[in-house]
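**Q** For the record, the sequence lines run as chains C and Y. With my numbering applied, the first sequence covers 1 to 477. With my numbering applied, the second sequence covers 1 to 477.
Keep in mind the hints are simulated off the structure, nothing from the lab. The model shown is predicted, which means the values in this text are computed figures rather than measured ones. Take these hints with a grain of salt, some might be off.
In this list, chains with the same sequence are indistinguishable; a pair is considered to hold if it fits within one copy or across any two.
[To be verified] Straight-line C-alpha distance at most 30 Å; calculated DSS-like pairs for lysine-lysine: (1) LYS66 with LYS337; (2) LYS13 with LYS80; (3) LYS66 with LYS190; (4) LYS81 with LYS103; (5) LYS400 with LYS301; (6) LYS251 with LYS475; (7) LYS372 with LYS254.
2 protein chains.
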Amino acid sequence: MAQSNERGLQSSKEDLSDWYSEILIKSGFIDFSPVGGFIVLLPPAAFIWERIREYMNREMEKMGVKNSYFPLLIPESLLKKESEHFAGFTPEVAWVTEAGDQKLDERLAVRPTSETIMYTMYSKWIHGTSDLPLKLNQWNSVVRWETSSTRPFIRTKEFLWQEAHTAHATEDEALKQAQDALDLYERVLKDLLAIPVIKGRKTEKEKFKGAVFTYTLEAMMPDGKAIQMATSHMLGQNFSVPFEIAYVDDKGNKHYVWQTSWGLSWRVIGAMIMLHGDSKGLVIPPEVAPLQVVLVPIIYKGKPDPTPRARELAHELELAGIRAYVDERNDKTPGYKYNEWEMRGVPLRIEIGPRDVERGTMVLARRDTGEKSVANMADAVAAVKDALSSIQKSLYEKAKQKLSSMINEVSTLDELSEAVKSRKGFSVVNLCGDRECEDKIYDTTGATVRCVEESAEGKCIVCGRPARYRAYVSKAY
Amino acid sequence: MAQSNERGLQSSKEDLSDWYSEILIKSGFIDFSPVGGFIVLLPPAAFIWERIREYMNREMEKMGVKNSYFPLLIPESLLKKESEHFAGFTPEVAWVTEAGDQKLDERLAVRPTSETIMYTMYSKWIHGTSDLPLKLNQWNSVVRWETSSTRPFIRTKEFLWQEAHTAHATEDEALKQAQDALDLYERVLKDLLAIPVIKGRKTEKEKFKGAVFTYTLEAMMPDGKAIQMATSHMLGQNFSVPFEIAYVDDKGNKHYVWQTSWGLSWRVIGAMIMLHGDSKGLVIPPEVAPLQVVLVPIIYKGKPDPTPRARELAHELELAGIRAYVDERNDKTPGYKYNEWEMRGVPLRIEIGPRDVERGTMVLARRDTGEKSVANMADAVAAVKDALSSIQKSLYEKAKQKLSSMINEVSTLDELSEAVKSRKGFSVVNLCGDRECEDKIYDTTGATVRCVEESAEGKCIVCGRPARYRAYVSKAY
């Protein structure tokens with residue numbers, strides 16, 4: 001895209017927000033659309049989303065979760081069936097009220113999520129135990145008319161995601177499914193995007209509207225703000241009762257099913273960018289990088305041109321399943337090319353000069369560390385595979401250490417305020433679990449409880465009564 | 001799904017419309033949604049759509065077409081920029097007018113197609129020849145508020161499709177792209193869905209609103225009605241002028257770009273069902289079949305159970321990349337199982353009885369011909385692969401012969417009326433190309449011109465003046 005022609009970043013990674021806005025456009029990941037709060041997803045980002053989709057499709061297949069597609073438009077009457085759910089979503093629903101030149105009898109919601117339309121069908125399909133479990137997933141886009149300020153990937157009025165919805169005969173089975181989904185998300189984040197997370201539950205205040213409770217994965221960004229990566233909801237029978245999703249057992253007794261829903265959105269791409277990038281630009285984990293290796297031939301006047309050898313090598317790498325590209329532009333210097341591909345986050349660069357061709361060597365330059373090493377062309381495939389897998393691992397390990405260093409125990413409200421103000425990351429506190437104490441934390445510090453683990457140790461940081469939770473507190477995206 | 005528990009079809013394939021409605025539900029391909037004209041896509045159909053997506057992604061990658069995603073909602077002012085386009089789509093646009101509790105200043109169209117939103121961005125991105133060609137594809141859903149009666153896959157108010165949009169420096173390059181897209185669609189239809197087609201151009205009357213002209217692929221259904229499978233539009237400069245998509249050449253001269261757009265929707269799944277199915281139910285081409293082989297162990301009291309051997313075989317087939325399943329239900333007879341899997345269109349059945357286990361043999365039963373043969377278990381993978389590839393080929397060949405038999409030359413309007421009335425398929429006629437003559441055909445016969453080829457032979461079937469086209473005329477879905 002045209003806007004990526006200008007090289008170099010104006011913003012430093014220290015100013016994360018500016019850096020993020022600039023790199024998204026310069027790298028050609030997104031552009032802004034004519035309607036505020038909506039973005040255009042461009043090829044490199046679409047490629048990453050497609051890799052996530054493929055990975056999850058394979059894993060969901062193993063879990064018995066199958067793909068499906070449900071209508072975009074949901075009648076208002078359906079959306080209203082679960083009252084807490086409706087109350088939670090209605091402030092941000094976009095409504096279709098006209099079609100062609102007629103006014104519709106009933107408003108249709110552009111889906112903000114698909115519980116209500118899917119469960120209307122589940123009610124029709126589920127009658128006996130042989131219809132269970134029912135596990136369907138959708139890859140689609142949803143619209144939520146955010147009133148707070150938007151930010152590409154992180155908070156947009158429309159976003160791509162997957163939403164899976166399962167129905168089970170027993171509570172235990174549903175609970176296990178909700179946990180399995182969380183584990184799947186943890187693998188997606190680790191194996192593909194190299195993002196380490198904290199796993200836990202949301203509080204009553206922060207849970208999905210309509211759920212019994214919500215599991216969450218929270219990542220920590222370099223500016224000390226947390227970001228929710230994916231959630232898995234135990235819906236219990238909250239929807240099966242109003243939607244009449246029930247089965248009759250062998251003895252003729254009727255039981256409402258137990259349900260889960262879980263989703264992961266393109267937001268994870270935003271977190272990947274903020275987490276790994278540096279002042280030179282993007283750093284994309286090799287597993288999802290559209291280009292894994294860029295080869296730059298270095299041409300000296302009067303010496304044999306290394307380009308043909310670079311092409312052969314690229315071909316060899318491609319045959320081995322590696323995404324490689326030779327930058328043959330002759331109006332750009334090697335230095336210009338290095339900067340540009342570094343900005344775009346290509347994990348590995350191979351430099352080949354005339355001497356390398358003579359000697360059968362090549363220089364490998366890692367994007368993450370900047371480290372250079374020499375390898376034999378004869379071992380190209382093995383050397384590149386090693387380097388890529390080492391980069392993938394090391395991005396995760398580095399991020400994990402960073403995350404650990406940003407988790408701090410805090411035992412008074414004053415300490416918490418100080419930690420939040422100085423953007424130290426997660427403050428771990430003991431909490432009694434009362435809504436009042438949770439509200440007090442927000443009112444005093446501006447931070448929210450990102451997730452909790454059950455723990456009966458210590459005393460509530462706010463009221464001093466015995467604690468029920470260890471809570472991770474932070475400002476958040 | 002529950003409704004698929006009832007075995008057997010009430011409708012004969014002769015009553016295509018009834019048969020189609022019945023098999024779609026019985027086979028668990030779709031269900032009807034609470035909003036009229038919208039359907040729910042269920043796992044077997046979603047699987048087929050996913051195979052089409054994978055195939056096309058690979059082929060588009062080779063053409064340099066990359067995936068992207070553009071916003072669902074398009075401001076009315078953008079939609080209006082190309083007047084013929086707007087006039088063509090506006091009667092069927094669903095409008096978002098409210099969000100949360102606010103009324104929007106401008107109506108937003110739920111995209112009926114994405115030309116206008118994409119080209120607004122193309123205008124921003126394209127400045128010089130190095131920005132060209134620009135080739136982006138989207139997999140999304142669009143909404144078109146059909147006023148005529150809807151039918152699953154064939155005509156629904158929302159449908160899944162891909163839409164690709166390319167911009168080129170020259171007319172020739174755009175023309176070649178429009179043709180290449182048509183060839184790609186022909187391969188998708190042949191290689192995956194075993195659907196033979198007629199290739200041609202739409203008339204002025206039938207072309208896409210906003211295009212210079214439209215290429216089309218038309219298939220013929222067993223009831224003698226044609227169905228448009230995919231279209232590729234030469235947009236010329238019809239959009240680049242109002243949207244100001246232009247580049248400046250080396251000499252500083254400004255040129256508007258030449259564009260194409262092309263799309264294929266889930267409609268092809270509907271055509272596949274109508275074309276290959278029979279009175280027992282679906283016949284799914286092996287390339288896209290969710291299950292390619294079902295193994296049915298046949299149990300005799302007092303004889304060794306062949307189930308373990310069937311499981312081993314299924315495992316062996318799966319390792320070879322074949323989608324296989326053992327039907328181990330012990331409350332169903334083999335006959336019941338045969339009927340059910342035939343209804344669901346599984347291409348190949350393997351029957352294994354105690355004697356087969358002793359002898360190391362198995363019975364293969366083809367879904368398309370009903371033919372049975374005996375093969376050695378030791379050659380299972382090769383035998384199954386052969387059978388599947390033979391079924392795929394033979395479905396296409398049979399359909400192609402059928403298509404040929406349904407193309408008839410016709411030289412008078414009376415003959416044409418008669419041919420249309422008796423549902424003979426495509427009537428090939430000579431046409432002068434005038435709109436009046438084309439209208440006359442519709443008024444007289446109720447059939448439309450599905451596609452034309454340039455041909456200066458003969459005289460117009462309506463007015464008798466020298467012909468310009470050979471035209472394929474038929475009633476159509």
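**Q** Take the hints in turn and mark each one as holding or not.
**A** These are the hints, each one checked on the structure:
1. LYS66 with LYS337: For LYS66 and LYS337, only the inter-copy Cα distance (22 Å) is at most 30 Å; the intra-copy one is 44 Å.
2. LYS13 with LYS80: For LYS13 and LYS80, the Cα distance exceeds 30 Å both inside one copy (45 Å) and across copies (42 Å).
3. LYS66 with LYS190: both (23 Å within a copy, 26 Å between copies)
4. LYS81 with LYS103: Answer is both: 23 Å inside a copy and 24 Å across each meet the 30 Å cutoff.
5. LYS400 with LYS301: Answer is neither: 47 Å inside a copy and 60 Å across each miss the 30 Å cutoff.
6. LYS251 with LYS475: So LYS251 and LYS475 fail the 30 Å test inside a copy (52 Å) and across (55 Å) alike.
7. LYS372 with LYS254: neither (67 Å within a copy, 45 Å between copies)
Violation of the numbered hints given earlier is confined to hints 2, 5, 6 and 7; the remaining hints are satisfied by the structure.
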